[in-house]
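Visitor: These are the residues of each chain, in order.
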Amino acid sequence: MDHDSYPDSYIAGILQEAKSFALVGASANTVRPSYFVLKYLLAKGYGVYPINPGLAGSEICGQKVFANLAALEEPVDAVDIFRNSQAALGIVQDAIALKDKLGIKFIWMQLSVRNDEAARLAEEAGLKVVMNRCPKIEYGRLSGEIAWAGVNNRMISSRKPVILGKGYQQLSIRKDRP
Amino acid sequence: MTGQRTPGFNTLAIHAGAQPDPATGARVTPIYQTTSYVFDNAEHAAALFNLEAFGNIYTRIMNPTQAVLEARVAALEGGTAALAAASGHAAQLLAFHVLLEPGDEFIASRQLYGGSINQFNHAFKKFGWNVVWADGNDPASFEAAITPKTKLIFIESIANPGGIVLDVPAIAAIAKKAGIPLLVDNTLATPYLFRPKEHGADIVLHSLTKFIGGQGNSVGGILVDCGTFDWMKSGRYPTLSQPNPSYHGMVMAETFGNFAFAIAARVLSLRDLGPAIAPLNAFLFINGVETLPLRMARHCENALAVASWLEKHPKVGWVNYAGLPGNRYRPLAERLVPKGAGAVFTFGLKGGYDAGLKLVANVELFSHLANIGDTRSLIIHPASTTHSQLTPEQRALAGAGDDVVRLSVGLEDSADIIADLDQALAAA
Numbered sequence: 001m002d003h004d005s006y007p008d009s010y011i012a013g014i015l016q017e018a019k020s021f022a023l024v025g026a027s028a029n030t031v032r033p034s035y036f037v038l039k040y041l042l043a044k045g046y047g048v049y050p051i052n053p054g055l056a057g058s059e060i061c062g063q064k065v066f067a068n069l070a071a072l073e074e075p076v077d078a079v080d081i082f083r084n085s086q087a088a089l090g091i092v093q094d095a096i097a098l099k100d101k102l103g104i105k106f107i108w109m110q111l112s113v114r115n116d117e118a119a120r121l122a123e124e125a126g127l128k129v130v131m132n133r134c135p136k137i138e139y140g141r142l143s144g145e146i147a148w149a150g151v152n153n154r155m156i157s158s159r160k161p162v163i164l165g166k167g168y169q170q171l172s173i174r175k176d177r178p
Numbered sequence: 001m002t003g004q005r006t007p008g009f010n011t012l013a014i015h016a017g018a019q020p021d022p023a024t025g026a027r028v029t030p031i032y033q034t035t036s037y038v039f040d041n042a043e044h045a046a047a048l049f050n051l052e053a054f055g056n057i058y059t060r061i062m063n064p065t066q067a068v069l070e071a072r073v074a075a076l077e078g079g080t081a082a083l084a085a086a087s088g089h090a091a092q093l094l095a096f097h098v099l100l101e102p103g104d105e106f107i108a109s110r111q112l113y114g115g116s117i118n119q120f121n122h123a124f125k126k127f128g129w130n131v132v133w134a135d136g137n138d139p140a141s142f143e144a145a146i147t148p149k150t151k152l153i154f155i156e157s158i159a160n161p162g163g164i165v166l167d168v169p170a171i172a173a174i175a176k177k178a179g180i181p182l183l184v185d186n187t188l189a190t191p192y193l194f195r196p197k198e199h200g201a202d203i204v205l206h207s208l209t210k211f212i213g214g215q216g217n218s219v220g221g222i223l224v225d226c227g228t229f230d231w232m233k234s235g236r237y238p239t240l241s242q243p244n245p246s247y248h249g250m251v252m253a254e255t256f257g258n259f260a261f262a263i264a265a266r267v268l269s270l271r272d273l274g275p276a277i278a279p280l281n282a283f284l285f286i287n288g289v290e291t292l293p294l295r296m297a298r299h300c301e302n303a304l305a306v307a308s309w310l311e312k313h314p315k316v317g318w319v320n321y322a323g324l325p326g327n328r329y330r331p332l333a334e335r336l337v338p339k340g341a342g343a344v345f346t347f348g349l350k351g352g353y354d355a356g357l358k359l360v361a362n363v364e365l366f367s368h369l370a371n372i373g374d375t376r377s378l379i380i381h382p383a384s385t386t387h388s389q390l391t392p393e394q395r396a397l398a399g400a401g402d403d404v405v406r407l408s409v410g411l412e413d414s415a416d417i418i419a420d421l422d423q424a425l426a427a428a
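Sequence lines, in order, name chains A and B.
Its first residue numbered 1, the first sequence is counted upward by one per residue in the working numbering.
Its first residue numbered 1, the second sequence is counted upward by one per residue in the working numbering.
Just chain B, same shape as in the assembly:
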């Protein structure tokens, strides 16, 4: 045990949340491929259901493999607790389900992953959770968007697809002043590059599918409770601050203190909606996250090399990577993500939409697919794919216009990555 020293990030990435299995001594977290768990007796069962005892009831609600992943990511983000889910979208659903009632509003930055934009405009709207869009490049636009119905502010720290960096502290200050929790989707940065809690976030979210797992083998998501929002003092989130009818009148925030949000998301939202992470997926994420620091460092090094090379290419009109000198987000990046600007960025082809299609058709090493955050380098033309369900105006606002190509730079030798782009651009 390390006493009261705070372990470093590399140590936490490998060890946080895990201990050898007490029954078998197994060192690596077993894959608990089980739906259910035997009770000692009726009293023990009742105690578990009433949340009086810690333990396992049913894999829709909790699972020992999943628990290690949750404690791991919570520790890496400096949070109090976490809840894993079947996907990033599912984690978003659970987070919103705790906090919003039909008719409520939430403010979201326009600079978002297309999937989140669709979720907000369509599925969430159907629930009566109404999105009000703000400009991630202009923190004041968030303040202007606040109404008496606003219950949450949602932003990405490094935003998909454009490698845009948001001024998280400035937006956090606005949220705090208004008494509204701030949720930061930290998928593209990961806690290695940026820890939103340190800059004022109340809830952090990841698509584990991406850099945290890092190997493109599993879909999953996670929400992290930063333990920073005073639900009792606010009084606007009855699920947390009022007696809960589903647990005989228990007040979540009173019983669970600074991890009440994560517990409520599990024992209320996940319990009733059901998007549980698969134990095998949780296992693969635990494996992947152990090397997060090493992988992110290499991702950023490679991305900078690739972006710098692209900038000089005659067929490339512009490159938006916050690590490049002269990029409009470079000052923010140097302040907020000094270790690196991530591995996902966009560039524009002078040949427009058709050049984009030709480029993705001609790569050999890059994989043309819809994902980011893999050991493999990935490429996509958002206008024809991930952002195709948006209007042209929405696409432009999201940084996914017709000429835009998005790269997720992998861990291959950077010379090989560049050589592939070189030959594919020649044909574009």
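This is chain A alone, in the form it adopts within the complex:
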């Protein structure tokens, strides 16, 4: 996979197949990016597991915080890394070690987080990797919601957008998109 540029179908595929995300480096601070991602993914119907050893046992947005990936009690599809690029390597190694136990399929790294060595290891272990992207922004882009904010979502379509069915102003990524 060329990590400088991802086809929309690759990102959409991951966002459709994944039903749950573990947010490694989750913050209880309501203005940190991880909090925005947590709330947005919950609103879209994903399971979300915040991971932060310093907050283990507490709750963020009603979601129990775990100390690390090994402490998770349920399977999780995607590991979303909010730590820096250097720390990403160790987190990916943990995810690889736990992939069979937890059913991990995807590694996601947030904006400005990129570690090509970690990506290589993950891909060799059969995981799909996305780096330097935010799942909120990508879901917003591919569903069309982000265009409500005047953002160029880089998509052209004459199909009707799909209403998520959870309120007035919620769109979903189309299941039949190419």
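If you are wondering where the hints come from, they were derived from the structure by calculation, not from laboratory data.
Take these hints with a grain of salt, some might be off.
As the list claims (entries may be wrong) - Below, a list of computed lysine to any residue pairs in the SDA-like style, where the Cα atoms sit at most 20 angstroms apart: (1) Lys160/A <-> Thr385/B; (2) Lys160/A <-> Pro314/B; (3) Lys175/A <-> Asp21/B; (4) Lys160/A <-> Thr24/B.
To be verified - Some, not all, of what chain B presents toward chain A, calculated at C-beta under 7 angstroms: (5) Glu52; (6) Pro245; (7) Gly249.
Glycine residues also receive a C-beta, built at the ideal position from the N, C-alpha and C atoms.
Got chain A; can you put chain B on it based on the hints?
Guide: Just chain B now, kept in the frame of chain A:
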């Protein structure tokens, strides 16, 4: 969906930002003539206000018709996001409000629309945003004007009123070296002829009133975030790189990445200052921009024919159109705007100020009014109108001396345009 092919400009002009309405199937973007939007519940409302969810709160801040226009123009300019406003002047106000604090300086090219010159010398000065003038024909003059207080460089790509072409890449290189963002007003060129982002601009601005709408029916403006400036690395723009007190300490550049500038302009500046675009105007601009490529091609073809004819006229002293052979800007134009030099240019009458007044009084097809970028051909004598609040020295520097007539060549048959000038010049 076109997969990973990049759609062409004509396709983007028609489709970018728009999809059929999910509730009704309406193909054309509806005019959402509403001030407000119902929330699902209190949590949803709070999520919108905290920017946790995408959606609509209030038409001063966002509106679904406006959003399509913004995504459209952002795509045409190759930018990450855009923010529409009540006018080009309003878009300028919002852009500056994000970036400048009282006491800051900005460098602006002298070769500007008279309205921008007034805004910089008067309204912005009153805010404490201090303009330092540079010569658009001399990129080195921008470098010489930089001080520790400089926060922005502002130029027009093709400059009003004279059809002057600026060496945008050279000025962009100076801005980049100094770590200062470059804002390019691309109104006269439009992204059809020139995309400033491709030449180093960080922010692009338009008066939508002009060629983008193209039909003279609505006033509006837009700023486009190119997504190219690293606000965090610079550290000189606290609105973007520091915790924002208005959103509980959120750091805009961190949360919104390469479209943070456009978001900040909306949720801070537009929110608090209020110059919102009207939904109907946004609708009319969406309609107009669909034919931008066709219109600009015809505008340039007609302008060249008219300029060439004027050049040979005995009452005309000079014509400044970058598309003409021998024009001092022709080499720059061939390099930067190869599709055409635009439709706005000036010429000088040998009879001076009085001949100018007589000419504008005698046209029948041309409309004598203050605007550019219409299907209709437009004419004005800047010295007595758009640039009349400037000093004679400022006028001369802006290319709006006493003998200058400005044309905005429209889409009529060029023979008719020329015939009108012919009869009007006979009386001048």
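Visitor: Provide an ascending list of the numbers of those earlier hints which the structure does not satisfy.
Guide: Numbers 1, 2 and 6 - these are the hints that the structure violates, sorted from lowest upward.
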